[in-house]
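Take the sequences, apply the hints, and build the full model.
Letter by letter, the chains look like this.
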Amino acid sequence: MTEDQMDVALQAIRGRVSRREFLRRAALLSMSAPAALALLERPRAAEAAGKVVNLAGYGGVSNDAIRKAWADPFEQKTGIKVNLGANASLALAKLQAQSGNPQWDIVGLDGSELPTAVKQGLLERIDTSKVDMSKVPGYLKTPYGFKYSVYLFTKAYDQRKIPDSSAPQNWKDFWDTGRYPMKRSIYQNVADGSILEAALMADGVPVSNVYPLDVERALKSLDRLGKANVIWHSANQQPIQQLTSGEVALATAFSGRVIVARRDGAHLQYTLDQDVASGSYFPVVKGSPNKEAAFAFLNFVATNDVAAATYMSILTYATGNASAVRLLPQEVADQLPTSPKLKGKILFKDDAWWADNLEKTVIRFKEWQAA
Amino acid sequence: MAGRLIGRVPARAALARTLLLLPLCVVYGVLLVWPLGLLVRSSLDGGFAAYAEVVRNPLFRPAMMSTLVISVVTTAIAVVLGYVCAAAIWRAPPVLRPLAVAFVLLPFWTAVLVKNFAWAALLQDHGVFTAALRALGVPGHPVLLHNRFAVIVGMVHYVLPYAVLPIFAAMVSLDARLEQAAASLGASQAAAVRLVIVPLTLPGVYAAALLVFIICTGFFITPVILGGPRDMMAANLVDFYARQLVDFRAASALAVMIIAGVSLLVSVYQWLPKEGQFGRL
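As they're listed, the protein sequences go chains A and B. Under my numbering, the letters of the first sequence match residues 1 to 371, in that order. Under my numbering, the letters of the second sequence match residues 1001 to 1281, in that order.
Derived by calculation from the structure, the hints in this document are not laboratory data. Please read all numbers here as calculations on a predicted model, not as lab measurements. Among the hints, erroneous ones may be present.
To be verified - List time: in silico DSSO-like cross-link candidates among lysine-lysine, alpha-carbon distance up to 30 Å:
#	chain 1	residue 1	chain 2	residue 2
1	A	172	A	220
2	A	161	A	77
3	A	227	B	1115
4	A	51	A	135
5	A	172	A	161
6	A	119	B	1115
Given below as structure tokens:
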């Protein structure tokens, strides 16, 4: 299911959309049919006249931030139109690359997915004469792109039920069912999210020793938390909905979603210790007909400081263009996953480990879930 | 069969008749056989390795088991409810009949997502049903959503029209005089139902059961919305291969296996007795 479908449905369940409005929207959405078909969706008619870049992202507030910080100013500056879509995934990248005539030029991939896409030959190498990556620190770039976004997998809570003074400060607290005798909403995508890493830290593994992941130990730790105490979620906006509606008081979430919800008046907060930082790329799909325009867009993302600062201040996510950090207020800069102040306190997701162990870990986790 | 009843046809007429079937063959060929061929080809890329991989996957057995259990239970409930519902429509006064049929067709034309999310709203913790159970004094915190119960409720709701319509069709084709004949031979109402009506509507029941079961085995979105991790069905495993593991070859192999299984069922159905009121067809 797409994020938009999930959003509409969740809002309706929480009673925030009138019944008639829900039925209207649901009828519209159901016509667009389930996730499998969404993979075949095409971007709005590629403008024949002007140049264009079609970019598949994750949808929701994530796309809103990309639109505001990069897509709009880039369109104004260059006249190249940027079409944003949702449902970015490795499967979409593969379908696009195999089709030989990709409809999406850029498909967002996270750190654990990029190496697989490279291995399978789905991506274009970045032409460094067209994309200036000199502002991007080495650990955020590869020959196939740089991380446009670095975010935190965090412990979010409902301030109406859990006051800041007794908030979970680390994963051991998050696991404490005596102190928080309620259900937790947890992201079930172990590669995109980081619940296995969190489970190890809850079991006492220090940040520096989490990798290589001891998957069995992580699952035992999750057993201790107890499946009965967990509601699994699969879309990134779901935990925010569940927290604001009061369905749960504790959830894993990506930090930017909490920050945007707070700005909209929600009584949510998160704590930083032991959070897991991971990131996403804007890789160019092999055979993209708009490769040059895509590189121009990537160059804008990598070099334009004002745009990068706008992105970082909307979501409090870091971006590859590190030189833009100086444009940010200190308190925002200190909360970025890449801030030197967080060094040692948070964990950086090990993309290389995940690339090597993705398939068997994902299957093992699913098997544990179904047992 | 039809040919035998009508008797021998001149060769030219037979040819013309075959030609009339051509558009149908083209439609089936382009929309069904060709994509199916692509699917089989993609699954056989590298011999039978993908099949071995799928069968070895520890998720294969649980997914197949839950598909089987959920489908059998859903089919059983849907056929029983469908029979009662069809009988009610059949016996409804002529004025009420269109209304009763409308109640069957309205959910039939409603999108599955709408129906599933409606159930999710009704069954959620702190929802209408849990509140009602609490009000009735049921102890503890009954959990109605994200489990097999919710999946079966959602699926029965979806497949019920598919059960009602074939059974109803079998009922309306019954000769009303058969019941009078049973009564004139001394059968009570209950005996007439047991000895005449039920046996004669059985072909409709078989057709309904098969249709419902086949639809059940292909469910995808209902286990996602209403079920928990333990309710992963075959189609969800195909999706898991395609989207999480990005292994299109294994996804194709699994899909071919599901289609083969269902085709086997359909051929078994051909052997079932189709005895209606007019004797063996």
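A quick look at each hint next to the structure:
no., hint, result
1, A:172 with A:220, "14 Å, holds"
2, A:161 with A:77, "47 Å, violated"
3, A:227 with B:1115, "27 Å, holds"
4, A:51 with A:135, "26 Å, holds"
5, A:172 with A:161, "19 Å, holds"
6, A:119 with B:1115, "42 Å, violated"
Violated hints for the displayed structure, listed by number in ascending order: 2, 6.
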